[in-house]
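Chemist: Turn these sequences into a full structure, and let the hints guide you.
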Amino acid sequence: MGNLPFYIPAFFILTTGLTGWFFYRATNRSRVALIIALLFLVIQMALALTGFFAVTHTVPPRLVLQAPPVVLFIISFFFFTKGKQFLDSLNLKFLTLLHIVRVPVELVLYWLFLYKGVPELMTFEGRNFDIISGLTAPLVYYFAFVKKSLSPKVILIWNFVCLGLLFNIVINAILSAPTPIQQFAFDQPNIAILYFPFVWLAGFIVPVVLLAHLAAIRQLLSGKDLDLKN
0 MGNLPFYIPA
10 FFILTTGLTG
20 WFFYRATNRS
30 RVALIIALLF
40 LVIQMALALT
50 GFFAVTHTVP
60 PRLVLQAPPV
70 VLFIISFFFF
80 TKGKQFLDSL
90 NLKFLTLLHI
100 VRVPVELVLY
110 WLFLYKGVPE
120 LMTFEGRNFD
130 IISGLTAPLV
140 YYFAFVKKSL
150 SPKVILIWNF
160 VCLGLLFNIV
170 INAILSAPTP
180 IQQFAFDQPN
190 IAILYFPFVW
200 LAGFIVPVVL
210 LAHLAAIRQL
220 LSGKDLDLKN
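So the sequence shown is numbered by numbering that gives the first Met the number 0: it starts at 0 and just counts up by one.
No lab work stands behind these hints: they were computed from the structure.
Be aware that one or more of the hints could be misleading.
[Said to hold, decoys possible] With a straight-line Cα cutoff of 27 angstroms, these simulated DSS-like cross-link-like pairs (lysine-lysine) come out:
id	residue 1	residue 2
1	K81	K92
2	K146	K92
3	K92	K147
4	K92	K152
5	K83	K152
Because the structure is a prediction, the values reported are computed rather than measured.
Modeler: Okay, structure coming up:
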């Protein structure tokens, strides 16, 4: 990945920072959450810089140390009282705005495709429709929290649809990566996620986006006062 123009990794690092900022605001500026997020980022960066993820022939693939540990950590919240309290304390407004980062992520994926870092199917010209989530996020925020004209049911449906779009690209990304389970894009595999800073896509951005959806869905299904009318 050394042939990339400087602006692509730089733009992605800024996108990761923006994701972290939205997450920090969604946690009501929790220092503990911020420290944990930074810890995951540092661990992923350190592993990538050593070339750990670039070894692709192992079974299981080393990529399982990117998103899966973070996702398992997130899922654990649903099984413990403090975890549930944390999910319910998250700010739904910032959980909604957070999905804006999916637009710059899509731009980075397209640029990476142009430089043979990811296959076309991972872009909005292929099978990736995740940009819809990013483009609609500010509209949902505006009409739900500013104009107060969207019901919790509409926001819930939007979260489920966008969660489906997330699963779609994640599955395609996994099956196009150069591992023993690769199924797609053999002519141009998904190699960008093997290198820094793009390891943060699977190791941080995707799990945070997943958390935002799951927490929002939990809050919306609970029927509690979501402050949509204040």
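Chemist: Now tell me if each hint is right for this structure.
Modeler: Hint check:
{"no.": "1", "hint": "K81 <-> K92", "in the structure": "holds (21 angstroms)"}
{"no.": "2", "hint": "K146 <-> K92", "in the structure": "holds (13 angstroms)"}
{"no.": "3", "hint": "K92 <-> K147", "in the structure": "holds (12 angstroms)"}
{"no.": "4", "hint": "K92 <-> K152", "in the structure": "holds (15 angstroms)"}
{"no.": "5", "hint": "K83 <-> K152", "in the structure": "holds (21 angstroms)"}
The structure agrees with every numbered hint stated previously.
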